[in-house]
Every structure is written in structure tokens, then in C-alpha cells.
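**Q** Each chain, written out:
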Amino acid sequence: MSVTDVQAPMRAAAPGFWPRLLNHGRELGTLAGLLGLCVALWIATPHFATASNLVNVVEQSTIIGIISVGMTFVILTGGIDLSVGSLVALAGIAFGSAVQAHAPLAVAILVGLCAGLLCGVVNGLLIAFGRLPPFIATLGMMSVARGLALIISDGRPISGFSLAFRSMATGDLLGVPAPVILMAALYAAAHFILTRTVLGRYTYAIGGNEEATALSGVNVSAYKIVVYAIAGLLSAVTALLLAARLDSAQPIAGINYELDAIAAVVIGGASLLGGSGSVIGTLIGALIMSVLRNGLNLLGVSSYVQQIAIGAVIIVAVLVDMALRRRAPLPRGTAA
Amino acid sequence: MHGIRKAFPGVIALDGVDFDVDHGEVHVLLGENGAGKSTLMKILSGAHRRDAGTISVDQREIDISSPREAREAGIAIIYQELTLVPQLAAAENIFLGREPTRGPGIVSRALMRSRARVLLDSLGATFDIATPVGQLSIAEQQLVEIAKALSLDARILVMDEPTSALTERETRALFSVIRRLTARGVAIVYISHRMDEIFEIGDRVTVLRDGRHIATREARSADRRELVRLMADREVDEQVPKSMVPIGTELLRVHGLSRRGVLHDISLTVHAGEIVGIAGLLGAGRTEIARAIFGLDRADAGELYVRGTRRRIRSPRDAIRARIGFVTEDRKVQGLVLGRSVRDNIALPVLPMLNRLGIVKRRAEHSITDRLVRDLRIHTPSAEQLAINLSGGNQQKIVLAKWIACNADVLILDEPTRGIDVGAKQEIYALLGALAAKGVGILLISSELPEIVGLADRVLVVRRGRIAGEFARADATQERILACAVGA
Numbered sequence: 006m007s008v009t010d011v012q013a014p015m016r017a018a019a020p021g022f023w024p025r026l027l028n029h030g031r032e033l034g035t036l037a038g039l040l041g042l043c044v045a046l047w048i049a050t051p052h053f054a055t056a057s058n059l060v061n062v063v064e065q066s067t068i069i070g071i072i073s074v075g076m077t078f079v080i081l082t083g084g085i086d087l088s089v090g091s092l093v094a095l096a097g098i099a100f101g102s103a104v105q106a107h108a109p110l111a112v113a114i115l116v117g118l119c120a121g122l123l124c125g126v127v128n129g130l131l132i133a134f135g136r137l138p139p140f141i142a143t144l145g146m147m148s149v150a151r152g153l154a155l156i157i158s159d160g161r162p163i164s165g166f167s168l169a170f171r172s173m174a175t176g177d178l179l180g181v182p183a184p185v186i187l188m189a190a191l192y193a194a195a196h197f198i199l200t201r202t203v204l205g206r207y208t209y210a211i212g213g214n215e216e217a218t219a220l221s222g223v224n225v226s227a228y229k230i231v232v233y234a235i236a237g238l239l240s241a242v243t244a245l246l247l248a249a250r251l252d253s254a255q256p257i258a259g260i261n262y263e264l265d266a267i268a269a270v271v272i273g274g275a276s277l278l279g280g281s282g283s284v285i286g287t288l289i290g291a292l293i294m295s296v297l298r299n300g301l302n303l304l305g306v307s308s309y310v311q312q313i314a315i316g317a318v319i320i321v322a323v324l325v326d327m328a329l330r331r332r333a334p335l336p337r338g339t340a341a
Numbered sequence: 002m003h004g005i006r007k008a009f010p011g012v013i014a015l016d017g018v019d020f021d022v023d024h025g026e027v028h029v030l031l032g033e034n035g036a037g038k039s040t041l042m043k044i045l046s047g048a049h050r051r052d053a054g055t056i057s058v059d060q061r062e063i064d065i066s067s068p069r070e071a072r073e074a075g076i077a078i079i080y081q082e083l084t085l086v087p088q089l090a091a092a093e094n095i096f097l098g099r100e101p102t103r104g105p106g107i108v109s110r111a112l113m114r115s116r117a118r119v120l121l122d123s124l125g126a127t128f129d130i131a132t133p134v135g136q137l138s139i140a141e142q143q144l145v146e147i148a149k150a151l152s153l154d155a156r157i158l159v160m161d162e163p164t165s166a167l168t169e170r171e172t173r174a175l176f177s178v179i180r181r182l183t184a185r186g187v188a189i190v191y192i193s194h195r196m197d198e199i200f201e202i203g204d205r206v207t208v209l210r211d212g213r214h215i216a217t218r219e220a221r222s223a224d225r226r227e228l229v230r231l232m233a234d235r236e237v238d239e240q241v242p243k244s245m246v247p248i249g250t251e252l253l254r255v256h257g258l259s260r261r262g263v264l265h266d267i268s269l270t271v272h273a274g275e276i277v278g279i280a281g282l283l284g285a286g287r288t289e290i291a292r293a294i295f296g297l298d299r300a301d302a303g304e305l306y307v308r309g310t311r312r313r314i315r316s317p318r319d320a321i322r323a324r325i326g327f328v329t330e331d332r333k334v335q336g337l338v339l340g341r342s343v344r345d346n347i348a349l350p351v352l353p354m355l356n357r358l359g360i361v362k363r364r365a366e367h368s369i370t371d372r373l374v375r376d377l378r379i380h381t382p383s384a385e386q387l388a389i390n391l392s393g394g395n396q397q398k399i400v401l402a403k404w405i406a407c408n409a410d411v412l413i414l415d416e417p418t419r420g421i422d423v424g425a426k427q428e429i430y431a432l433l434g435a436l437a438a439k440g441v442g443i444l445l446i447s448s449e450l451p452e453i454v455g456l457a458d459r460v461l462v463v464r465r466g467r468i469a470g471e472f473a474r475a476d477a478t479q480e481r482i483l484a485c486a487v488g489a
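Same order as they appear, the protein sequences are chains D and L. Take the first sequence: its position 13, counting from 1, is numbered 18 in the working numbering, and each next residue is one higher. Take the second sequence: its position 156, counting from 1, is numbered 157 in the working numbering, and each next residue is one higher.
Just so you know, the hints here were simulated from the structure itself, not pulled from any lab data. Take the hints with a grain of salt, since some may be wrong.
Some chain D residues well away from chain L (every beta-carbon gap over 12 Å; in silico) [unchecked claim]:
1. 39
2. 56
3. 61
4. 62
5. 105
6. 109
7. 140
8. 198
9. 204
10. 264
11. 302
12. 308
13. 321
14. 322
From the structure, some residues in chain L lie toward chain D, with a derived Cβ separation under 10 Å [to be verified]:
15. 25
16. 231
17. 295
18. 316
19. 318
20. 329
21. 333
22. 334
23. 335
24. 336
25. 337
26. 338
27. 351
28. 361
29. 403
Have a look at the derived ranges for each label pair, beta carbon to beta carbon [stated by the list, open to error]:
30. 109(D) with 382(L): 54 to 62 Å
31. 99(L) with 327(D): 24 to 32 Å
32. 145(D) with 55(L): 57 to 65 Å
33. 141(D) with 55(L): 47 to 55 Å
Quantities reported herein were computed from a predicted structural model and do not represent experimental measurements. Quick reminder that beta carbons are idealized off the backbone N, C-alpha and C, glycines included.
Assemble the whole structure, with the sequences as input and the hints as a guide.
**A** This is the structure:
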């Protein structure tokens, strides 16, 4: 037996397309759920499968969709971020205040983004160095950020943004709404990061086995901070999008968004224990929620009943996921 | 058990296996990783359901499809990884879920404790039953597990490598417990990799290989070499190979390393091509030396020199930068991300060298990991296989591959062959020899004395946090090392 010379180059065969597709069985399952839902609505109501409604559905998914990207990173590390909804409010108010103070648009946007980023970093510091459970740290931040948003704005919404800014929500490119393009770009970037970069590998590794990852020389604390910073930053992006869409930044914006984002990630097949899931799954999860809301609206189902439907979908999605996982048992018994 | 068959997707784990155990008998189950021992055990425990075959207890055919049915049939399993609630005391653990009550929902502590006392006394246990079991030694926890099994009227006890975490003396004590149990008519299925134990405690030995029943022998008349051959289907030289490598320059020097209450004035050196063995009883401080060197525990005093220069190592990252690798005792908890692929695991510590602007260089990554999978003969359908699906020996090779991949030239190994089969052990030994030949310096912590004596150029014996003795290869005999370790 020889011991490897690491430097020696060797051409590695890339796995083929079909085997790689099979590795995404869980995403395919979630996708089948989404398509099934669409077909059912297509049959149930003539108003669902129209071009304008479908565009509308996707556009409506962008708010939760973008937050869910950050939530996916956090959940993959085995954490949770309850503060994202409040950060949407705080970042929006920070942006609005800057506009009111006659800051140039670019500066105001930067202020908004920094507010989200900074709060995310604080979350990360509390978790990595304060050794707080993510649930507790972000629960505290959720309350603090909401309070700050209310204080800064004095509880009142800030309105009247420039047309240039509002085009972020109202503009389109070849008929595709700008928010949809933004969301697609963010998902593509996140998918690339998670599958192809060191940050992505570490994100999965930390969630899979934090101790083994630290023993492999990974600065787990630093990467946790990065992950919560991403979640904070994407909350701020959402805040700007929301402010542009409504032409108003509100201190009560984003209430319960964290729960919708967690739901999208979980429907998308990620494990709350960390280490498994994907951003593609999350996108499908966010679309399922949006399609469901839209479809139930078209069918004239009351918003009270809608809540029950959404809750049921979350539970059923996870039950099905767990049942499928159990059906393909890992032959752990081979390890004698 | 007759004609037991069990298939998983892609593998037949058991193919028509017959196995029986009599009252008052210790029947040893032997086999390499993947031979089917664990699967057989899981079928007995109700964790897996057999595809074909029959199971009978006292001539009565029974069906085991759940852990409850196994319990009702009088079968209890003592797993290698114990399944107690660490915060609860022995008595609470023994009667967990079946607490004796006085009146609805009110637990009678006194009754529970007195019953637990009787059970544990019958096993010769001396510890305080009010102590949370998490504070007991592994051996004592094992007694709690056995008492729990007895409280359930278990007549068939399956023990999976019960001595793997025990010291010599604890092993003796366990054997005397086993003899008490067999004297009461309890039947014992004993799974172990340790040859010596088989002859000492076993009545019969059954060898499994590739899911088939190969042979059953009377332990008294069985031949050690024959058993190894039956397991591996090839002649394996059970002797640990000695590495004959010229000793090079000093790679690691530890001077006066101390941690209050744990380590006292530890000094040692490791040279290129040298294997330095660290022997000692469990809890003597062997793992703690490794942890302190690797930057996991902060030392109160002491200096560390790597390749002649003083280094401060405060974290595993510092250690890895100094090209020190650490194969931990518990590969599942500390060594591997079980839910990720073989490739991801091997590449994990090397990623800082395998990226451009944070993007993983996939071609380089593939070439390194594929090569290590091949060179270390990691048996896996592909490098994309999840680590959790591999056998213990192959998992250990992944952990070794991680450190080889990052060019570690000082390698600390803590019980590298624990819980892996004879064949895989031989491969690990050969690998360590090859690494030493390449100029790697190895610090080998092991409880298996033949391993230490066979592999090490020098042996350090740790006793109560101090280096109590040092033996050159020529002087290092098992008797001397043991005597030094126990302070005789």
C-alpha cells in the first residue's frame, strides 16, 4: 500500500446527469407536490392558470422567498433565526429615515442594508461567542429590533419614495417583474455558494457535526457569524423590496415572516437538526405556500380557513418526508 | 434461529443463518465488519424484521417484529453505546417506564431503590445507586444496563463488544458477572473482536462471514489462527507488523505540559518515521495529552516545539497549520460528518488549500479524494456515498484520509482500531507503517497492548496524569507496560 502524494494531478470523472438528478430525490418530490397542487387548481378554477395570475403568484412569493434564502443557510447549520421579520421592519425604517434625512438614494439603501447586516452579525456573535442557543439569541433580537423600529419611526410609517426606487418593485424586464429577477438571482447565487464554495461546505458540515467540523480546523464561530449576517442582510433586501412595493416603510412590517420562512425551508425538505436541505427545495417550498394562498383566494376560501390549510401543508409535507426517509433505511447495520 | 435472511437495497446482509444458544451458555459471535453480526442482533432486538427464517425460544416459534416483542420473549441487548439516561440514578434507569407505584401515578422511590439494590448486589456492584449514572464509569453503567435487563426477566442477553471501553480489571469484573449470569441459566450471545476473550469466556464460537454461517466450534478446542482464517477467508498474520524505518529529525517536542488536576509535567518527543506508543489505564490522562497538544484543552503550563520552532497552539486550526493531525477516539462524534459524503469528509480540513476565492477547485478535490479512497482501500461504491453507510473500519480510514490529505506530518491517533475487525485493523497497521516510512511521526494511544508493543518504537506509560515510564522497543513487553501502568 502506498500513501498518497497529494500534489499528483489526476483527471476525475464527473458523475453523469441522471445519477446527479437522482441525488435530488427530495427536491423532485417537493416539486411533484408543487406541480400536483398547480394541476389541481388548474382543474378547480379557470382563473388560476392564466399568464397574469401565474406571474402574480411568483411575484407574491418573492418577499418570503428572499428571506427564506437566509433562513436556509441558518437552518442548514442547525440554527434558527426568529428575528428576520423584525429586521424587515428595522431595515425598512432605517432606509426610510435616511430618505427623510435627504440622504441620496444609494446611501439610504446602504443604510438599510447595513442595519440588517449589523443585526445579523450581532445574532451571530451572541450565538458563536455568547454561546446562546440560536432560538434565544434571535428571540431577543426579534423583540429588540421591533422596538428600535418603533422608536426610530415613532410608530408611524414613512412614505413617499422616489419613482426610481419604486421601480425595484414595479419595473420589469421583458415582462418579468423586477422582484422575480432579483429573487432568481439570489437563489442562483445561494445555490452556487452552497454547492460550490468553501462557505457552503462548511455550512453543511457545521449542521451535520459541529464538533467534527471544528476538529477539522474550521473556524466554526466565524462561519456561524457569516451565516447569521447573510440572514440579516437578506431581511434588509426584503425590507427594501417591501418598501418599494408599498411605497411605505412600516415599523409593523414583517410580522410572522420568520414563521413563513421557516415553513418554506421545512416544506422544502431541510432538517431543523441541520446538515441537510437545499436552497432549491426552499424555493419550491416558498412557491407552494404562494400557490396555495393564491389558489384558496381564487376559490373564495376565507383567510381564516387558509391558515388551517397552510398549517396542514407544513405538517403533511414533513410527515411525507419522514415516511420517505424511513422507507429507504440507511444500511447502518453493516457497520459491525 | 434458523435460516435467517435479511436483504437491504443492494446487499444481502444475512443469507440463511442458523444460530442457537443454550441456557447457561456463552456463545461468541465472530465476524468481520459487514459479516452480519449487527444485523442478526438487530433482528433479535426487533429493530429490523427478518425477510425469511424462524426464531424459537424454548422450542416455541415466535415472531419478533418490535422491541416490545423481543422483550416479552426474554431477549435483552446490551449495546456498545449504552442507552441510559445520564441524569437519572441507577434505580430510576432500571425501572424507567415501569416504576413501582403506590397509588396511581405516584412512584415509590423506596421500593424502586430497594429492588434496584437487590439486582445490583446480585451482580456484585458496589457503587451508590443514588448517583446519576452519567457520573459512573462505563463499567458501572454496563452493570446498570445488565440489571435493567434482569429486571425485565431477560433470559437471553446479547452483548455487543462489552469490553471495548473497559480496563483490564473492569473486564475481569465483567467476566465474573457473566459467570454469575450463566450459573443462573441466562444464555449469553457475546459479540467481540478480542480473541483472548473468546477463549476465556466463551463456550462456543460461531463465525459469520458475508452474511453466511461459516462454522461453529467449541471454544475449548478452537484454534486461534483457524478462527481468524474462517473470519477473513484468508491467512491473516495476526501478529502486528513492526515498522522498520530509520528514525529522522525531531518533529514534535512537548516540554512540561501541565493542566491542573489532569496532566503533570508531560514531556515527550516524536521524530520523523517514529511511532511513539502511549499506554496507560483508561482515565490515566492519555486522551488529555492528545487534546492539549491539538489545542482542544488549554494547558496551564508547558511548551510545544514543532520541527524545532516553538509554536503556540490554541485551537485545532493552529494545530493543523503546524501540520498536526488528530484521529479522535470517537469517530462518529468527533471524526466524521456522518450525513455527508466520503468525499466531503476527506476534503473538509483541506478546503483552505483547495479553493480559489472561496470556490472549491472541484477537479483538484476529486483527484485528491479519489486517490485516497483508492490508496487507503476505502470500500465504498463511490466517493459520493454518505459516510454513515460505511463500516467502522472504512469510516476510520476516512478519518485517516483527512489528515493524509492535509499533509499532516505529526499524527496523533487515539484508539485507532477500536471496534473495527481484524482485517481492517491489519490494514490500519500497514497504513501507519507506510506513513512512518514516509517520514510521518506518529503518537499512538491505545489500550490494546499487543498493538502498542507491536507498532511502537518507544512506549510511554501514563499513570495519573504523569509519564510513569518509558520503554525502548527492545524492553517494551506487555507485562512491563502493564506493571508500570498500574503502578506495581
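**Q** Does each hint fit the structure? Answer for all of them.
**A** So, going through the hints one by one against the coordinates:
Every CB of chain L lies more than 12 Å from the CB of residue 39(D), the least distance being 25 Å, so the non-interface label holds. Under the 12 Å C-beta cut-off, the non-interface status given to residue 56(D) relative to chain L holds; the minimum distance is some 38 Å. Every Cβ of chain L is farther than 12 Å from the Cβ of residue 61(D); the closest lies at roughly 36 Å, confirming the non-interface assignment. Every CB of chain L lies more than 12 Å from the CB of residue 62(D), the least distance being 34 Å, so the non-interface label holds.
No Cβ of chain L approaches the Cβ of residue 105(D) within 12 Å, the least distance being about 38 Å, so the stated non-interface status holds. For residue 109(D), the shortest C-beta to C-beta distance to chain L comes to about 31 Å, beyond the 12 Å cut-off, and the non-interface label holds. Even its closest Cβ contact with chain L, about 21 Å, leaves residue 140(D) beyond 12 Å, as expected for a residue assigned away from the interface. Remark: the non-interface label on residue 198(D) conflicts with the geometry, its nearest Cβ contact in chain L lying 8 Å away (cut-off 12 Å).
Residue-level check failed: residue 204(D) sits 6 Å from the nearest beta carbon of chain L, not beyond 12 Å. The non-interface label for residue 264(D) is consistent with chain L: the shortest C-beta to C-beta separation is roughly 26 Å, beyond 12 Å. Annotated as non-interface, residue 302(D) keeps its C-beta farther than 12 Å from every C-beta of chain L; the closest such distance is 39 Å. Interface exclusion of residue 308(D) from chain L stands, the closest Cβ pair being 39 Å apart, more than 12 Å.
With 12 Å as the threshold on Cβ separation, the claim that residue 321(D) sits away from chain L holds: the shortest Cβ distance comes to roughly 24 Å. Residue placement check: residue 322(D) keeps its beta carbon more than 12 Å from all beta carbons of chain L (closest about 20 Å). Using the Cβ-Cβ criterion of 10 Å, the hint placing residue 25(L) at the interface with chain D is not satisfied: the shortest such distance is roughly 26 Å. Against a cut-off of 10 Å between C-beta atoms, the interface hint on residue 231(L) is violated, since the closest Cβ of chain D lies about 15 Å away.
Of the supplied interface hints, the one on residue 295(L) holds, with its beta-carbon coming within about 8 Å of a beta-carbon of chain D, less than 10 Å. Given hint, residue 316(L) at the interface with chain D, holds; its Cβ is 8 Å from that chain's nearest Cβ, closer than 10 Å. With its C-beta approaching chain D no nearer than about 5 Å, residue 318(L) sits inside the 10 Å limit, and its interface hint holds. At about 7 Å, the closest approach between the beta carbon of residue 329(L) and any beta carbon in chain D falls short of 10 Å, and the interface hint on this residue holds.
The beta carbon of residue 333(L) is positioned within 10 Å of a beta carbon in chain D (closest approach about 9 Å), and the interface hint is therefore held. With a least beta-carbon distance of about 6 Å to chain D, the hint placing residue 334(L) at the interface is held under the 10 Å criterion. Taking 10 Å as the C-beta contact cut-off toward chain D, the hint placing residue 335(L) at the interface holds, the least distance being around 5 Å. For residue 336(L), the interface hint holds, the least distance from its beta-carbon to any beta-carbon of chain D being 6 Å, beneath 10 Å.
Given hint, residue 337(L) at the interface with chain D, holds; its Cβ is 6 Å from that chain's nearest Cβ, closer than 10 Å. For residue 338(L), the shortest C-beta to C-beta distance to chain D is roughly 4 Å, which falls under 10 Å, so the interface hint holds. Against a cut-off of 10 Å between C-beta atoms, the interface hint on residue 351(L) holds, since the closest Cβ of chain D lies about 8 Å away. A cut of 10 Å between beta carbons decides the hint on residue 361(L): the least distance to chain D is about 6 Å, and the hint holds.
Below 10 Å, beta-carbon pairs count as interface contacts, and residue 403(L) has one with chain D at about 7 Å; its hint therefore holds. Judged by the Cβ atoms, the range 54 to 62 Å given for residue 109(D) and residue 382(L) holds: they are separated by roughly 59 Å. Between residue 99(L) and residue 327(D), the C-beta spacing of about 29 Å keeps the proposed range 24 to 32 Å intact. One distance hint, 57 to 65 Å for the beta-carbon pair residue 145(D) and residue 55(L), holds here, with the actual separation near 60 Å.
Between residue 141(D) and residue 55(L) the CB atoms are about 54 Å apart, so this pair conforms to the stated range of 47 to 55 Å.
Violated hints for the displayed structure, listed by number in ascending order: 8, 9, 15 and 16.
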